[in-house]
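J.: Take a look at the letters that make up each chain.
Protein chains: 2
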Amino acid sequence: MDPSQVKLPPIMDMNAETITENTIAINAGNQDPRAKYVLERLVHHLHDFARETRLSTQEWMTGIEFLTAVGQTCTDVRQEFILLSDVLGLSLLVDAIDHPKPPASTEGTVLGPFHTHEAELVVPGTQISKDEQGEPLLVLCTVKDTQGRPIDDVMVDIWETDSGGFYDVQHADKDGPDGRCAMRSDKDGRFWFKAIKPVSYPIPHDGPVGKFLKGVYRHPYRPAHMHFMFEKPGFDKLVTAVYDRVDPYITSDAVFGVKDSLIVDFWPLESAVATDYLSESERENISAWSILRYDFVLVSEEEAGSLRDLNSMAALARLGKRMKVYNGLPVPEVD
Amino acid sequence: MDPSQVKLPPIMDMNAETITENTIAINAGNQDPRAKYVLERLVHHLHDFARETRLSTQEWMTGIEFLTAVGQTCTDVRQEFILLSDVLGLSLLVDAIDHPKPPASTEGTVLGPFHTHEAELVVPGTQISKDEQGEPLLVLCTVKDTQGRPIDDVMVDIWETDSGGFYDVQHADKDGPDGRCAMRSDKDGRFWFKAIKPVSYPIPHDGPVGKFLKGVYRHPYRPAHMHFMFEKPGFDKLVTAVYDRVDPYITSDAVFGVKDSLIVDFWPLESAVATDYLSESERENISAWSILRYDFVLVSEEEAGSLRDLNSMAALARLGKRMKVYNGLPVPEVD
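Heads up: the sequence lines are chains A and B, in that order. According to this note's numbering, the stretch in the first sequence is residues 1 to 335, in order. According to this note's numbering, the stretch in the second sequence is residues 1001 to 1335, in order.
Incorrect hints may appear among the rest.
[To be verified] If the Cβ cut is set under 10 Å, some of the chain A residues that face chain B in the computed set are:
| id | residue |
| --- | --- |
| 1 | I26 |
| 2 | E52 |
| 3 | G63 |
| 4 | D95 |
| 5 | T142 |
| 6 | T146 |
| 7 | R218 |
[What the hints assert, rightly or not] Computed footprint of chain B on chain A; a stretch qualifies when at least three of its residues, placed anywhere within it, have a C-beta under 8 Å from a C-beta of chain B:
| id | stretch |
| --- | --- |
| 8 | 81–89 |
| 9 | 118–129 |
| 10 | 170–179 |
No lab work stands behind these hints, which were simulated from the structure alone. What you are looking at is a predicted structure, and each value in this text was computed from that prediction instead of being measured. Cβ atoms here follow ideal geometry from the backbone N, Cα and C, with glycine treated the same way.
Please construct the entire structure, taking both the sequences and the accompanying hints into account.
T.: Structural data, given as structure tokens:
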């Protein structure tokens, strides 16, 4: 770069007071108002964090080493930064901000690091788990809009662990997807499948995030749950999960995902229902089966967008900020 | 972990308002008041950043992917997270907080990611650069305390790039340390060596930090400089560098390191001085040589500690925080 072309504010003699506004000024070259605003708040909070703690060089280096270890723990099938975001409550917060839910709709929760795009598209009634140790479970669901109308052709992703508490991708010797599938809702908004009863399990805690949890005396467990993701053009993408009411970790989920409206009961499967959904050989073992029913309610993109803008403007006004919506996201009213 | 042993506040039904205090509560198991305070401020600022920007899931994922790439760019000889901290002004800020300097002393600046511990301990007068393309430079320095008394036996680390702007560790085929050394000050606080005149150079910008700089239209250049680090028991460790006054990037250092008091002039070497320091064969080419003189002033550990406490308490009081010093670092007065 030709130095004569440098169009930056002169940056010299920085100290603990001047560094923030100058960093923000030199970063302001990007003309996208949203990028500029996000970056400005990032630098502001990063610096305020250091100033309010009077962060020492040694603590800073501990942070550098921790983040490096988190990055180096990531692989194609392990996302330690998402895990870190999860245990710090950031994932739940971002979901709450970005996918606001009107009262009648299904609440969202954390995606977690184990969703993949390799689930097979299956037909209704498929058993999604190959784990013979798992307790068999019949799952009957519907998906509707906020007016109670069934939504057909919704792409539903479902994923759960095996009975040992591990997702397929956590097994080095895995042989194709297991404990996960994709399916489409039918014309009445129904979808159903066979699975295994979810179990509680620890999030991966042999890495830096596990060390962090240990350091603050937190356990790494998530209560038993099953993940669902719903996508259909015109509807706000819903990432959610349902949680087992009787799980011992139900009030201390390591990633803050549990919501009262997402807590479910697994009931013994009644033979009248079994007749409609299980094969003859499956029915022979009916006492081993449980049933889960859940009715999901999706929010339209329009509803979600309006509510998001409304919530954003209200929350930012409470913070004393004058903002406007730009490409669906807030930026300062006067830049 | 036995769930009956879980001694955590019940965490359920988290939303954008309640998630912060609950995350802080569940993290408060560590009884060290400093760790608790730092973590509390970290969660607070991380969440406020998301709330003030109304961070979208897509932006959050961009952040996750960016941090992952930063971590995965780190190697034994490349520290991309330090580079990120440098270009965000955090490194300079932490140095300013942790190593306060009374007026008469030498200011500190960013360490950067290229210090190593493999520099050879050399005798006075050693040529530390093997680069024959570099312009030869004689460096005459002293190191004193704030009362003007020479300090002997200070361990001084010195490092600079080659004439192409690369540190030894950036060459895949490097053959032992080059452009760096360690030496000790003599009984009169003097140390001197031969080197090459530093050149401006871009920080590594083929990775995620380089992409970030490009995205905000910042150049990756640092003005020509030479790094120095001083260590002696009883004195506050000084990490600093001196910068070439005539460098075109002197007011736009990519890592905010330049301070007026650290700007130097490289003068032509006078023959009267050359007689004392150069060999006969070196003197034959005297017109190629420059000279750099600099007198460093170290702060005692005691002075630095008192000033650090004083500055911290004053800065935190201005923020309306009632704090006390605990193991040399601030924690809330009433916890």
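J.: Compare the structure with each hint and give your call.
T.: Hint check:
1. Among the interface hints, the one on A:I26 holds; its C-beta lies about 6 Å from the nearest C-beta in chain B, closer than the 10 Å criterion.
2. Given the 10 Å rule on beta carbons, the hint for A:E52 holds: about 5 Å separates it from the nearest Cβ of chain B.
3. Interface restraint check for A:G63: the shortest CB-CB distance to chain B comes to about 8 Å, inside 10 Å, so the restraint holds.
4. Interface hint status for A:D95: upheld, as the beta-carbon distance to the closest one in chain B is roughly 7 Å, under 10 Å.
5. Interface restraint check: A:T142 against chain B, minimum CB-CB distance 24 Å, threshold 10 Å, status violated.
6. At its closest, the beta carbon of A:T146 sits 19 Å from a beta carbon of chain B; the interface hint therefore is violated under the 10 Å criterion.
7. Interface restraint check: A:R218 against chain B, minimum CB-CB distance 6 Å, threshold 10 Å, status holds.
8. Check on the stretch 81–89 of chain A: 5 of its residues sit with their Cβ under 8 Å from a Cβ of chain B, so the three-residue criterion for coverage holds.
9. With a threshold of 8 Å between beta carbons, the proposed coverage of the stretch 118–129 of chain A by chain B is violated, since 0 of its residues qualify and at least three are required.
10. Counting residues of the stretch 170–179 of chain A whose C-beta sits closer than 8 Å to any C-beta of chain B gives 0, which falls short of three, so the coverage hint is violated.
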